[in-house]
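Could you put together the complete structure from these sequences and hints?
Protein chains: 2
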Amino acid sequence: MNGGIIHLYNEPRIISSACVVGNEEHIGPLGDLFDGYSSDPRFGMKTWESAESEMQRRAFLYALKKGSVKCEDISAVFAGDLQNQCVASTYGLLPYNAPYIGLYGACSTLAEGLVLSSMLIDSKKLCTVAVSASSHFCAAERQFRFPLEYGSQRPPTAQRTVTAAGTFILSQSGADIRICDVLIGRICDSGISDISNMGAAMAPAAADTLCRYFAQSQKRPSDFDLILTGDLGYEGIKILKDLCFAKGLDLSGNLNDCGLLIYSASEQDVHAGGSGCGCSAAVMSGYIMKRLKDKTLKNILLMCTGAMMSPTSLLQGQSIPSIAHLVHIRG
Amino acid sequence: MNGGIIHLYNEPRIISSACVVGNEEHIGPLGDLFDGYSSDPRFGMKTWESAESEMQRRAFLYALKKGSVKCEDISAVFAGDLQNQCVASTYGLLPYNAPYIGLYGACSTLAEGLVLSSMLIDSKKLCTVAVSASSHFCAAERQFRFPLEYGSQRPPTAQRTVTAAGTFILSQSGADIRICDVLIGRICDSGISDISNMGAAMAPAAADTLCRYFAQSQKRPSDFDLILTGDLGYEGIKILKDLCFAKGLDLSGNLNDCGLLIYSASEQDVHAGGSGCGCSAAVMSGYIMKRLKDKTLKNILLMCTGAMMSPTSLLQGQSIPSIAHLVHIRG
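For the protein sequence lines, the chains are Z and Y, in the order given.
Anchor point for the first sequence: position 32 equals 32 in this note's numbering, and the numbering is continuous, going up by one each time.
Anchor point for the second sequence: position 1 equals 1 in this note's numbering, and the numbering is continuous, going up by one each time.
Note that these hints are calculated values from the structure, not bench results.
Hints are supplied without guarantee of correctness; some may be wrong.
Pairs of lysine to any residue residues, derived as SDA-like cross-links and limited to a Cα-Cα distance of at most 25 Å, are as follows [unchecked claim]:
(1) Lys293/Z to Asn256/Z
(2) Lys124/Z to His7/Y
(3) Lys46/Y to Leu314/Z
(4) Lys124/Y to Arg178/Z
(5) Lys70/Y to Gly4/Z
(6) Lys124/Y to Leu8/Z
(7) Lys70/Z to Leu33/Z
(8) Lys238/Z to Gln268/Z
Structure below.
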């Protein structure tokens, strides 16, 4: 069926994950939970763009080590990021010489990679797979908005692109954290064209995916310990709640967002919260994976949202299309 | 095994395909074989970028019609292009509301999409799938090199980005053209940094994939009617032959390249041949699919190559990483 939930009867396992973050993420409320950080936004490299590649490289290496997996055993890497032509991933993972599937899903990349790789592991087409995603505040700002040197003021609806890279290793067995079913997102466009309000642009895609999931699965939001969106931020999460409530879906009990968790709204100047491919990658790897392991979370929905515009398309007057992929994970 | 051939025992079928091209492609040697064209490089739209989306939209629609497939029956669309953040695909396929998987594989996108979708159809995770890819000469030139208005001279090693979009519909049955096995590419970087010599940058990736394929399959090049690369052009195809010959693989008998087939070298001013995601999509859909149907080709390898740099990465002094995905197709 078009737009149907895809059940994974062999329940592929997430056997390890790792993430590397920037300084703002390190000083945030989850700072101690990440595997590595650098107070230098360039991570020792010449440019912010190369710094993002270096984060991807380190996260990939840490995830292999934590899972006791050799690079030679990786059947494929699914990776993507926000940089033009996704070069952060390409250069970052080049040293490892693994079969490589490049994705573009904007900030939905982690979920897109988990959806694809879990289907292929479930069907035994691939054995052990890595999913990597990253973003970098400075690289994203100059590419999508203004170079930081301009000192532009950001409006309250703007989110801060998270400086982080995360890698997840999936396999057919070897751990308790399993992916049970997935739902592929559809492109939605509600006419938002404000580059400083990604939450409003992405919330309709999140609502579309979530409403399809609950309608088809016959489940209720209360059946899950947590429904976690990727990076809707304070603006987008409110819109998602309203959109779903209008369709009879009450998310008030257990909805949260990686973009709200990664920074302290009261102590950090991050406006509407975190965003970027690295946001869900870092929060999932650093925080949620630990809670799935220690069983304080047992049954969650992860839904990463992506805003799929380009700087050129915005200058040409196009609105912002978005997408949301969903992954059902059990601890 | 890392980097192993993936066999598709149920042999997913390509049930239809369609492509839409620009004027230069229409006046080329394969011009009569394409499903649609426009002598207006804007395809009636305001910008070249939107024109590329319009090509994607039309190719998708034609492919559905030719395969007698309803849009509601498409389980997922796998799509990508060369524009920043792959917006040609996003905006082009937005009207169809299908589950959407965004890819970034540069000019390897068609093969990347065929690899992923055929694995998922073979394992019955998805039923009917569309794979779409596109490129536009004018949009690509101004994004990667110089705006056309500058009138820059292109060196002999430069290729012309093909203005074309193609869509392939795959399903579990319903046609004779089948995908037997696939091989996922690995990122290669031989240090080439000349933005006007994509052939040289991509040939090492093509050699890596092809040598792995023949080493593992125990087959010889002469076992195939055609080994078809996506867009190596005159420069890249020579380098590929040399690289493979040095590894004991003689490709002189049946190697060809979509970038050589789409234009007439003697009558069209296209330097080293065609390139771009649309190059392999158009030649495969317009020409090769017909020859597979009329049995003048029965057993081919399609290997699309992609150069994965960004304009920013080149300005920052990075060399051009590349990749090549392989698909074994039987008529």
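Hint by hint, here is what the structure shows:
no. : hint                 : verdict
1   : Lys293/Z to Asn256/Z : 19 Å, holds
2   : Lys124/Z to His7/Y   : 11 Å, holds
3   : Lys46/Y to Leu314/Z  : 14 Å, holds
4   : Lys124/Y to Arg178/Z : 20 Å, holds
5   : Lys70/Y to Gly4/Z    : 16 Å, holds
6   : Lys124/Y to Leu8/Z   : 11 Å, holds
7   : Lys70/Z to Leu33/Z   : 24 Å, holds
8   : Lys238/Z to Gln268/Z : 20 Å, holds
When held up to the earlier numbered hints, the structure conflicts with none and fits them all.
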